[in-house]
Structure formats: C-alpha cells, structure tokens
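Novice: Please assemble the complex out of the two chains, which come individually in their own frames, going by the hints.
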Amino acid sequence: MSASASLTRRGFGLGVVAAGLAIGFRLDAPARAAGEVTPMLLANPKLDTWVRVTPDGRVSVTTGRVELGQGVLTAMRQIAAHELDIDPAALEVLSADTAASPNEGFTAGSMSVRYGGEALGMACADLRATLLRVAAEAWGSEPGRLTVEGGVIHGADGRRMTYGDAASRVSLVRPVDTGARRKDPTKAGPIGASLPRTDLPAKVFGQQVFIHDLRPEGMLFGAVARPPGYAARLISFDEAAARAMPGVVEVVRDGSFLGVLARREEQAREAASRIAEAATWENGPPLFGGAGVFDYMKGVPAEEKVLHRTAGEAQGAVRLHRAEYRRGFQAHASIGASCALAQWEGGKLTVWSHCQGPFPLRTDLARALRVEEGSIRVIHAQGSGCYGHNGADDVALDAALLARAAGGRPVRVQWTHEEEMAWEPWSSAMIVRMEAGIGGDGTPTSWSHDVRSFSHNTRPGQPGAGGCNLRSAWYLENPVAPPVSTDAPLPAGAAARNAVPIYAGIPNQRISSHFLPEAPIRTSALRTLGGYFNALCGDLFIEELAALAGKDPVSYRLANLTDPRLAEVLHRAVRLSGWTPEAVRLAPALEPVMTGTGLGLSRYKNTDCYVAVVARVEVDTRSGEVRPLALWAAVDAGRVVNPDGLRNQVEGGMVQSTSWTLMEEGHWNAHRIVSDNYADYPILEFPGLPRIESAIVDRPDQPPLGAGEGSQAPTGAAIANAVLAATGRRVPEIPLTPERVRAALLA
Amino acid sequence: MARLTVNGRGVEVDVDPSTPLIYVLRNDLALNGPKLGCGRAQCGACTVHLDGQAIRSCQLPLGEAEGRQVTTLEGLGTPERPHPLQEAFLAEQAAQCGYCTNGMIMQGAALIQDQPGITEAEVLEGMRGNLCRCGTQPRVVRAVMSAARKGA
Ligand code: FES
Ligand code: FES
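In order, the protein sequence lines correspond to chains A and B.
So the first sequence is numbered by my numbering: it starts at 74 and just counts up by one.
So the second sequence is numbered by my numbering: it starts at 1101 and just counts up by one.
Be aware that one or more of the hints could be misleading.
[Claimed, not checked] Computed, partial: chain A to chain B, Cβ under 7 Å: (1) Thr271; (2) Gly279; (3) Glu339; (4) Glu724; (5) Asn742; (6) Arg745; (7) Val747; (8) Ile765; (9) Ile769; (10) Pro773.
Just so you know, the hints here were simulated from the structure itself, not pulled from any lab data.
Note that CB positions come from ideal geometry on N, CA and C, so glycine has one too.
Same shape as in the complex, but just chain B (with noise of 0.2 Å):
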C-alpha cells in the first residue's frame, strides 16, 4: 500500500510500488490532466510536479512519490481558480488537439514560477523537452511568457 498526496488529498494505492506514477493517476486514481505520450521521458505530455518541481511521471516510479505531493493539471489550478498560466492558455487560444497541453502548462507553471523577468530564449531552453505536433509552440511560448511577466 503506497500512500501519497496528490492535489493536497492524502492517497493509498494497492499497486506495485514500481509501477510508474502516470498509470497510477490516470487509471487507479482517475486523472485526466497527464497524458501518456511517449512513456519514456522525451515528449512531456506527462508532466506533474513533483515538491513543487516538474517531473516525467511515465518515469517516476510510484514508490519515489510516496509521502511527497504531487500536483497535476487538475490540481494547479481549476476553472473557478485559475492558474495564471491556464488562464494565459485560454487567452492565447494556445492549442490545437490539446494533447501536449498538459505537459505544456506543467512545464510552464513550473519554469516561471518566481521568476517576472525570464527571458524568451530561456522559455525556449526550459521548454526543450516538450513536444507539440499540432505545431503550437509559438502559442505556448507566447502564453508562458505573459503568465510570467503577470508573476505567476
């Protein structure tokens, strides 16, 4: 039996503990905000955080999240309290298919967090390892952006 927290609710699962999280939230505990994308830590569709910072959930084994939060999409922010950055989504219209979107906001909440001034070119670098095929990114890019100067 692991325990957790996910979205600040204390969680117990009965799953092999080397079980990675993604199959957990989506299937065991019913989350739809991270994706399964590539299942081996180069598309982001994934994304959760971790204590705060971004990890790849198809490669963290549910044993390492025990006792720590985790926070997914649904957790971030909600359409009564949006996060900055969901709402700069929405304002941006920065989505095609949506698949990507998880990771994309994930991603994104936790690179500018703290920080007003980021660069573009380190929104580009910090945003590497996420992947969009509908062709999106100068969208995201653009929503990351003014979440951050809005101090996200």
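This is chain A alone, in the form it adopts within the complex (with noise of 0.2 Å):
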C-alpha cells in the first residue's frame, strides 16, 4: 500500500476483527404491538442499513452500536441469528461507520440493545420474512408451510433453497416493513444461549483488535504538545528548534495549539513534552477562583429546579434529620489512552476512533475543522475500556489537525496516560443535601434530595447547540468554543439521575437540582452519570434513618419499599451473604479493627435493572483504613440472555465500584489536574479486591433491562454501609479515604 493510498476497514483487517467480536449479556426483544415502530428504525429506516445478504450468500448485520468491552457485539449478533434461524457464526457483525451503518447515536446509558436491538431484530425479521415469501412463490406454496435451517428455506416436499439464492430474487432496497411478524424471544434459539465471546480469543493471543494495533504504510506518528493550565495562552515558542528534534518532520500551530509529527512514536512524544516545556505560555486565573471545590459550588450561581414532588406537607414528623455528603472528581482512568488514526486525502478526512459516537464525533469534527460534515468519515475501532466520555473523541480531533500536515500520509495519535489524566474529562465533583422528617415511631415522614453538581454530559454533537465539544478546538486561532451545557430531564436524568428515591413509600418527597453550566474543570459522562452518587446518598440516608429508629436496615427498608422486585434482590442478597441484620449501634467505643456488614439497594436510572448489594468490611481504626472483605450481589435484570455476560458486567461494576468508594479523587493545582498518573491517582490493586458473589433472579417471563451500570452505586452504599456499621460514624464524604475515616471516628 502506497503512503497516501486509500485505507480501507478490510485492509486494516478491522473489518474481520468487528465480524469476529461477540460478547453479550442481555438484549430487549419483546414483540411489540404493530404500529410501535422503535425510534431507530424512524432514524434509520432503510432494510438494506441494517441487514444484506452478499452475492456468495452470507448474512451481514450492521449496527450503529460500538463494542466497548461490554458485550453489545454478541448481544446484536444473537438478535439477528435468533430472528433469521441462522448459526450465529455464520453471521457477519459490522459495526459503525458514518459511511456505511446505522446511525445511533451514541452508545451508552444501557440502551443499546433496548433501541438498536430492537431495530435490528425488526429489519431480521422482514429479510426472513421476504426471503419466505420469495420461495414460496416459486415453489407455489404458502411461507406458512415453509421452515429454516442454518440459513436454508426446506419446503414441506423437501425442496431447498438458500438465503442467498432467494435473496438474489428480490430487491432489498427498500424501508423495513415495521409490520413483520418477530420470533418469540423467549423460545430456545441464540437468545437465552450463552455464546462464549469470538473476540476474546484474538485479545488472549495478541492479535490485531485495537485501533492502537493500526500500522498501515507510512504512517507517522503525532503528538500534542500540551499548555500548562487549561486557560493557558501560547506566546512562542522556538519553531525552528522544534523541527530539528531527532525524528520530526512537521511542526503544527493554530493558535494555542501545538504538537508534532514524527517518524517514530517515542520521538513524537519526546518532542512534544520538550516542546512544550520551552514554549512561553501565559496561564489564566486559578481554578475555582483559589478556593475549594465544594466552596465554590456553593458560591457560584446555579440553575435551581425542582424535578419531583410528591403531593402533601410533612406529617406527623418528631425530628428532622439532615446530611450533607461530597463527592470529589473521579477520572475515567483507562489502562491505554486514548487513540486516534486519521488521514485527509483530497480534502476528504478518514478518522479511526474508538469513541462512543461516530456520528455525533462527525458533526464536532466538521464545527471545529470548518468543513462539511459528508466530508469526513468516521470508522469505529475498540479502543481501551472508556466506561463514559474520555480522550477518545479529543484524540481523534487531535490527529485530524496533525494530518492535515502529514501531506496525505496517515497519522497515529496515542496519548500518553498523562495527557489522558489531565486532559479528559472528569467526572464532576458532587453536593447531595438531604433532610427527611421523622415520625414518633421512627418511620420518614418526608424526604428531600437536593443534588449540586456541574455537567455529567459534555458530549460531543450536541443537538442545534452549534460549538464544539472537542478539546483542541477551542484552543485553535479561530476557536470554536463549547456549547453552554445543559442538565438532562428524569427519568433518566444525568446530574440528578437516581436523585428519585427508591422508597416510594415515603410520602411528602422532593427532588430539586442545583446545576452549575461552567466546570472551571472540564467534566462529562463517566458510567451511570450522577446514579452513583445520588443512590448511594439515599442508600447512606436510609441507613442512618434506620439507625436513628434502632432498626435493623432491612426491615426498616422493606417497610418503605412498594415495588416487589426490589424486595426480593434484597432478600436474594442478604440470604446470599448468611447475614443476620441488626440495627445500626451508633457512636460505640472504637477498638483497633471493627468489622461491620452494610446494605445497598437501587434500581438503575429508576427504570432499569434492579440490584441488591450487601458488603463486610472491616475498618482498621487507628490507620482509618477500609478493607473490603466480602460483596454478594443480587440482581434481577428481567429476562437474562446470557447469564455470564450479565455476571461480567455486575462484577466488574463492584470491582470499579469498590475502587471508586474507597479511593478514587483527583486534585489540581492553580491551573490543571495534577493526579495523573497511578500512584497520584490510585485505583484498586488486585490485594486489595474484596471477594465477590452474585446471583441473578432470573424472570424469563419480563423484559429484559439495562444492566451494565446497575450494580456501582448500591456497591458504594453497601461499603458506605458498611463503614458506619461497624464503627457507628457515618463518613459523609467519597472516597472513604484513611484520613477522611479516621477523622470522622475522632469527630
């Protein structure tokens, strides 16, 4: 392949690695009532987007979805092989890519399967159907006397003919017919098999699978040579000492923004960091006016809003009891930064991304670039678990400016995990204020939720916004600055997401946001958005209720709760863990190590999957350190599709969750993040890994639910819990670090 020819998917090979992914865990495929048409299929509403049939006669699906590790690959490929009575093997999975796929947005929010899957099942169901109907005609029978096999149309008197020889009858462009009847889901078939995942193996061997495996001829290597603050202003730099670093060949400046191209990577980098290190910049003011966060948060204005209300003033209420609890940043933290490959020929610009929407990137891509978005192309490829909106989307950014000097050869963009730490988003620092009133028995006679908290969603694409959410364009000569941020509506809510109470018992409710639109650090989405904290606030509230009443936190909660499914993982995990509930003692005399057992409980974004977490702990009391001991899970996720995908995904949320609790907190200093790297930003280690257990109540007779961010927050609470019931002290603020515990149990 010549420097500046065309690359490819197929050339890369990254067309067989997408056809090679299959993970999976659960889907969302009820029949729907004709007429319901998925808001996908609305978006998307062309046969041949979804599903083909190649002229040698394989099935090829294409989703708009991307594989980040979390299974949604298999979930797809199982979808389609269960609607098309097809070996799931045989089938060929393609993912997104703006010039060939769907467009779906973004993939996120546990939503993928629930609405893209849905749409591909749909247009599965009308190929199978007309590929029926098709042979029907010609053998001049009735599809309903027609059967498949592995992608093969028997006749009741033994004829046979392919999918691919039908297909070659028929014209497939056209939109699907919404009217085609579905299989039904819950009879055996690819849904409800646990497929072992095909991605695995090249994962397990070193074979080419991540956008950072991409080499094609005559590539270089880019690199962004970084300001000191955020607010920073380039003044010089010495250009011509730039060019004669060993390895570069081109220097690139718009603006503040300044990296290099060179041959090899390390030199690329190397370049960069001196580079920037000689350059003369003019830092802004300091980051939160040189207060603390949680000061400022309270001083600056905010959007206030009330979400929820329930009807009625508080009754009967003896006491009121009031918390406030913080949360610091929390990083995204990925093993690998991120990547990008991008390459302009012509005037035309090709990206590589790993990133969560490569539409959505597109349209950002096009604003901060100033040209029309049909002139970019953005192909997905996996990247490093992201778990929200990390550097994925900026790198690509990134490697788009520095190609456009590479003279038509493509360019390669790792960050250094530095860079990633620093720059990326974070997850936003967050105040939660509740007070509930307490009646004479000790049961809530009102309950209020108050969240202060700066944007989880900084997306890029943004609807009609115009602005660019792309990091290195609002450092660019002619910037194109960010969109004004807004907070999204409940249900799903994103700063107030779980803010609702789970306890609908509780009368007199009311939930009310104080959203802060300008982060003087940059934040956005990182897995479950405000969820976590906002349920393991009213987890921790709950708990000390309980506490203040002398109940044991069980039946204190089973005497709030209406909704049957939250009783029952309760129960699931509390026989899971042998424990025996009592109440909380508060504020005993403290010995050397307290162990403790505490309950977490929540129903992700109030619609999703339903989980029950119970955590022991035991709490050194001199040190303040936590160890977690133990987890048992229980969760209810409706009808499971592939019981080890779910177990994956709920597990490795505990594991995250566990790290975020107890350690998890970023600091700056006047101008940047400065935890950037593993040991100023620790996460969980393998000795410090609690032991862990899940079960799943399995409804095969309930839609399936969301289920890959369900188990973080009632993880955190368990822990949180689990703290104060072992040394009676509640720790108001995440993560429970040593010193933050060891001066709570002094206080």
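Specialist: Right, here's the structure in full:
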C-alpha cells in the first residue's frame, strides 16, 4: 500500500475483527404492538442499512452501536441469528461507520439493545419473511408451510433454497416493513444461550484488535504539546529548535494548539513534551478562584429546579434528620490512553476512533475543522475500556489537525497516560443535601434530596447547539467554543440520575437540583453519570434513618418499599451473604479493628435493573483504613440472555465501584489536574480485591432491563454503610480515604 | 544495530538503544501483544518475558534486551498451541475490553511457572502491579489459579 493509498477498514483487517466480535449479556426484543416503531428505525428506515445478503450468500448485519468491552456486538449477533434462524457464527456483524452503518448516536446508558437491538431484530424479521415469500412463490406454496434451518429454506416436499439464492430474486433496497412477524424471544435459540465471546481469542493471543494496533504504510506519529493549564495561551515557541528534534518531520501550530509529527512514536512524545516545556505560555486565573471546590460550588450562581414532588406537607414529624454528602472529581482512568488514526486525501478526512458515537464525533469534527460533515468519515475501531466520555473524541480531532500537515500520510496519535488524566473530561464533584422528617415511631414522613453538580454530559454533537465539544477546538487561532451545557431531564436524568428515591412508600418527596453549567475543570459522562452518587446518598441516608429509629436496615427498607422486585433482590443478597441484619449501634467505643456489614439497594435510572449488594468490611480505627472483605450481590435484569455476560458486567461494576468508593479522587494545582498517573490517582490493586459473589434472579417472563451500570451505586452504598455499621460513625465524603475515616472517627 | 531474540527468532533493529523496548516490539516488529499503558511501570499492560522473567517493556531500554530472549504474548502460545493460561482465560472469559489482558497473562504465566501449589494470596500479591479498569480481576484470579493447578 502506498503512503497515500486509500485505507479501507478491510485493508487493516478491521472488518474481519468486527465480524469476529461477540460479547453479550442481555437484550430487549419484546414483541412490539403493530405500528409501534423503535426510534432507531424511524431514523434509519432502510432495510439494507441493517441487513444484507452478500452475493456469495452470507448474511451481513450492521449496527450503529460500538463495542466497548461491554458485549453489545454479541447481543446484536444473538438477536439477528435468532430472527433469521441462522448459526450466530455464520453471521457477519459490522459496527459503526458513518459511511456504512445506521446512525444510532451514542452507545451509552445501557440502551443499545433496547433500541438498536429492537431495530436490528425488526429488520432481520423482515428479511426472513421476505425470503420465505420468495421461496413460497417459486414453489407455489405458502410461506407458513416453509421452515428455515441454518439459513436454508425448506419446503414441505423436501425442496431447498438458500437465503443467498432467495435474496438474488428480490430487491432489498427499500424501507423496513415494521409489520413483519417477530419470533418469540423466549423460544429456545441464540437468545438465551451463553455464547462465548468470539473477540476473546484475538485478545488472548495478541492479534490485531485495537486502534492502537493499526499500522498503515507510511504512517506518522503525532503528539500534542500541552499547555501548563486549561486556560493557558501560547505566547511563543522556538520553531526551529522544535524542527531540529530527533525524528520530527513537521511542527503544527494553530493558535495555542501545538503539536508535532515524527517518524517514531517515542520521538513524537519526547519532542512534544520538550516543546511544551520550552514554550512560553500565559496561564489563566487560578482554578475555582483559588477556593476549594465545594465552597466554589456553593458560591457560584446555579440553575435551580424542582424535578420531582409528591403531594402533601410533612405530617407527624417529631424531628428532622439532615445530611450533606460530598464527592470529589473522579476519572475514567482507562488502562490504555485514547488513540485515533486520521488521514486526509483530497480534502476528505477519514478517522478511526474508539469513541462512543462516530456520528456525533463527525458533527463536531466538521465544526472544529470548518468543513462539511459529508467530507468526513468516522469508522469505529476498539480501544481500551472507556466507561464514558474520556479522551477518545478529543484525540480524534488532534489526529485530524496533525494529519492536515502530513501530506496525505496517515497519522496515529495515542495520548500519554498523563495527558489522558489531565485533559480528559472528569466526572463532576457533587454535593447532595438530604432532609427527612421522622415520625414518633421512627418512620420517615418526608424526604428531600438536592443535588449540586457540574455537567455530566458535554459529549460532542450536541443537537442544534453549535459550538464544539472537542478540546483542541478551543485552542485554535479561530477557536470554536463549547456549547453551553444543559442537564438532562428525569427519569433518566444526568446530574440528578437516581435522585428520586426507590423508597416509594415515603410520602412528601421533593427532589431538586442546583446545576452549574460552567465547570473550571471540564466534566462529562462517567459510567452511571450522577446515578452512582445520588443512589449511594439515598441509601446512606435511609441507613442513618434506620439507625436513628433503632431498626435493622433490612426491615426498615422493606417497610418503605412498594416494588416487590426490589424486595426480592434485597432478600436474595442478604440470604447469599448469610448475614443476620441487626440495628446499627451509633457511636460505640472504638476498638482497634472493627468489622461491619452494610447494604446497598438501587434500581438503575429508576427504570432499569434492580441490584442489592451486601458488603462486609473491616475498619482499622487507628489508621482509618477500610478493607473490603466480601461483596454479595443479587440482580434482577428481567429475562437473562447470557448469564455469564451479565455476571461479568455486574461483578466488574462492583470492582470498579469499590475502587471509586475507597480510593479515587482527583487533585489539581492552580491550573490543571495534577493526579495524572496511577501513583497520584491510585485505583484498586489485586490485594485489595474483596471476595465477590453474585446471584441472578431470572425472570424469563419479564422484558430484559439495562444491566451494564446497575451495580456501582449499591456497591458503594453497601461499603459506606458497612463502615457505619462497623464504627457507628458516618463518613459523609466519598472516597472513604483513611484520613477522612480517621477524622470522622475522632469527630 | 541491536540484535535480540524475540519469540525464538533472531531480529535486528536499527533503533537508538535507549528506546524503551515496547516501542520496538509494537511499532518496528508489529507485535500487538504488549500494550502501551501508563509508560511508567504502574499498570503492567506492557509486560513481556525477558529470559523467562516478567518485565515491564515500557521500562527496559532496547540495549538491555540485546542478546537476550524476549517472549511476547504471541510467543507464549498460539491458537493451535495455547499456553494453559491462555486456555484458562478463554474458559473463564476473563476479560472485558481486553486491553490489560496481555499483562495479566504474561505476569500470571511467569508467576505460576512450576508453582502448582501457589495460594490465592500469593497470586493476589504477585499480580499487584497489573491493573484492570473493567473490573475483571476476580476472573483473572480464577484463571491463574486454575492454570497453576493444571501445572502450567
Ligand atoms: S505501560 Fe508499562 S507498566 Fe504501564
Ligand atoms: S479488561 Fe479492560 S482493562 Fe482489563
């Protein structure tokens, strides 16, 4: 391949990799009432966008969803194979590509299968029905008398016709017929089977999988010379010295955006860091006006909204209980830093990206580069697990800006880990204030929850807004500023996700938010958005109310629950743990080491899976160290498609949440985040791992529910409540670092 | 010109000897197994074997690998002749995104070599320097223990 040759996804073997992908755990494919059409089909009505039969007879399906390690492509494979009566392994599954796939926006929020899977399933059902009609006509039979096995149509008299043969006799270039009959998802078939992930062999044997592994001929390596702070401007730099650095072939400056192209990756990195250090920058004012973040958040104007209310005034309260909980900034902290590959050819740009939304990324790339969207193609390729909006989109713009100076050669940019940590969007610091009235018998008579937060969604491609959410766009000579951030409404919500209590039996609820649209430290989506912290606060608060009432945390919760599925997971988790719940003793005398068991319960987004977690921890009261010993979880995600995949998600979330809850917090200097490596932003290591067990409450008769983000909040709540149970003292700030726990014990 | 043996084959590369080995393996020799993670010995994603010992290839200058045996994930086992730990990772489905998987397998394989009786506590300690952000550690431990018992 010549340096400027066109790079097709096949040329890199990516199509093959995508076809080989298969992960999966759940799906939503309930039979829909006629006339009810999933939004993904309204946006992408054409049948051949979703499913095609290749000239050699293979069935190829395309989803606009992207693989993030969460298993979505296996779910899609299972849905398609189920509808088509075909071996899942015989299918080709292609993922998002702005030139070839349906536009499904972002792959986020546990919604892929519910909407994208429903659309793909509908298209496949239509294809099957169409091909059966073709065969029936050819044989003078009725479609209802034909059967399909392994992609071959069989007539009652033994005649056979392959899908490929049938497809060659009919045009599939037309809108999807949304009236086609769906198969029963509870019938035995690929739906419900535990398919092993077909992407794992490639990962286990070191084959090409990631964008980081793409090495087209003639490729140059790019790196960005980052300013010393978020608000810094480039005053001057020594361009001649930069060009003379080893391996450097091009130096790019556009306003305060400064970067290099080099022959070797380590040369590009080294040059960028030396150039940044030698350049003259002018820093902006100190972050948060030099104040602490929580003081700052309380001091700046906020958009105040009441989001949810249940009728009535607090009645019969004999006292009030109030609490304020806080959590600092937390990072995605992916193991592999963000990476992209870009190439310009004759005014057209192609970008390979591991972002969560290739179409929205294309929108913002066009805004930043001031070109037509139609001149940009974004192709998804896998990256390191991102858990939300990390640097994946930003690095795509960096690669595109640098590739403009590469004379048609492809440019790969992989951020350094330090760069990722300092420049990716973080999950917002949050303050939650709660208040409840307590009746004479200890029952809650009112409940209020107010969340104060910066944005949890500054993703690219904000509809209608204009502006650009790709970082380097803000530093260009002709900058494109970010759009003003807004908060998403309930029930899903963003900052206020899961702020409405699951304890529906509590009267007089008032849920409100103080939204801060401008964040000195850039913030965006981290797995669950505000859901982790809001649900965690709700569950810490109910535990405190139970303790004040002298009741055990299980029966106190049960008395305020109205949804039997929440009660069921609660019972199951408690049984699994073997724990006998008892009332928490407040403020007992401290012993050197104290152990305790706590509970966490939540329903993700108030609309998706139900998860209960029991945690057992040991607290060293001399050092303040919290050691998680064991976690037990029960999950109800409706009908379970792939129990092993579901467990992988639930248990992975428990590990991640243990890390968030005990260890993770970003720090900054006057100008930028300085927690930019794993020593300064430690995450959970193997020796800190609790024993983990989970149970699935299978409900074959219930539609599947989103389950990829359900275990984080109840895990965090269970750990924090176990600390309360162990020590009889509340620690109101996450993470529960030794210093913080120690201070609470001495207070 | 540096001469070293990678996955049993002699190779020569014309690269500055101070270059961290990871860049040579990935970009010059087109090996995908070792991954570039933190680049500072904190995550383990770049782990390879040097004369049978697990080392961080982001820290080892090319010059120090001269004349020595480097084994990467590709050389540990293949789909046709998998290493027992690679088989165990597949049996346990011990990955999500898979970016840390190289390091987990290379570290784990060195750890359990001739240690069929290794305890879970020893595995946890031996894997301390390998991070996974997807939370697959419980599965990784199961895979390492099961491969050890089979005498990897
Ligand atoms: S990349 Fe070498 S230890 Fe992280
Ligand atoms: S599987 Fe994603 S980092 Fe370990």
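Novice: Go through the hint on Arg745/A and say holds or violated, using the shortest Cβ distance to chain B against 7 Å.
Specialist: It is violated, given that the least Cβ distance between Arg745/A and chain B is near 18 Å, above 7 Å.
Novice: Given a cut of 7 Å on the nearest C-beta pair, is the interface hint for Asn742/A held or broken against chain B?
Specialist: This hint is violated: Asn742/A lies away from chain B, its Cβ roughly 20 Å from the closest one there, beyond 7 Å.
Novice: Against chain B, run the beta carbon of Ile765/A and see if the smallest gap drops under 7 Å.
Specialist: holds, 5 Å
Novice: Would you check whether Val747/A satisfies its interface hint, that is, whether its CB is within less than 7 Å of any CB in chain B?
Specialist: violated, 15 Å
Novice: A closest beta-carbon separation below 7 Å is what the hint needs, so does Glu724/A meet it against chain B?
Specialist: holds, 6 Å
Novice: Does the CB of Gly279/A sit less than 7 Å away from some CB of chain B?
Specialist: The hint holds - Gly279/A has a Cβ within 7 Å of chain B, the shortest such distance being about 3 Å.
Novice: When the nearest CB of chain B is found for Pro773/A, is that gap smaller than 7 Å?
Specialist: Nearest chain B Cβ about 23 Å off; hint violated.
Novice: Would you check whether Glu339/A satisfies its interface hint, that is, whether its CB is within less than 7 Å of any CB in chain B?
Specialist: holds, 5 Å
Novice: Against chain B, run the beta carbon of Ile769/A and see if the smallest gap drops under 7 Å.
Specialist: Violated: closest Cβ of chain B sits about 16 Å from Ile769/A, beyond 7 Å.
Novice: Please verify that hint: Thr271/A, Cβ, nearest Cβ of chain B, below 7 Å or not.
Specialist: violated, 11 Å
When the structure is compared with the earlier hints, violations turn up for hints 1, 5, 6, 7, 9 and 10 and for no others.
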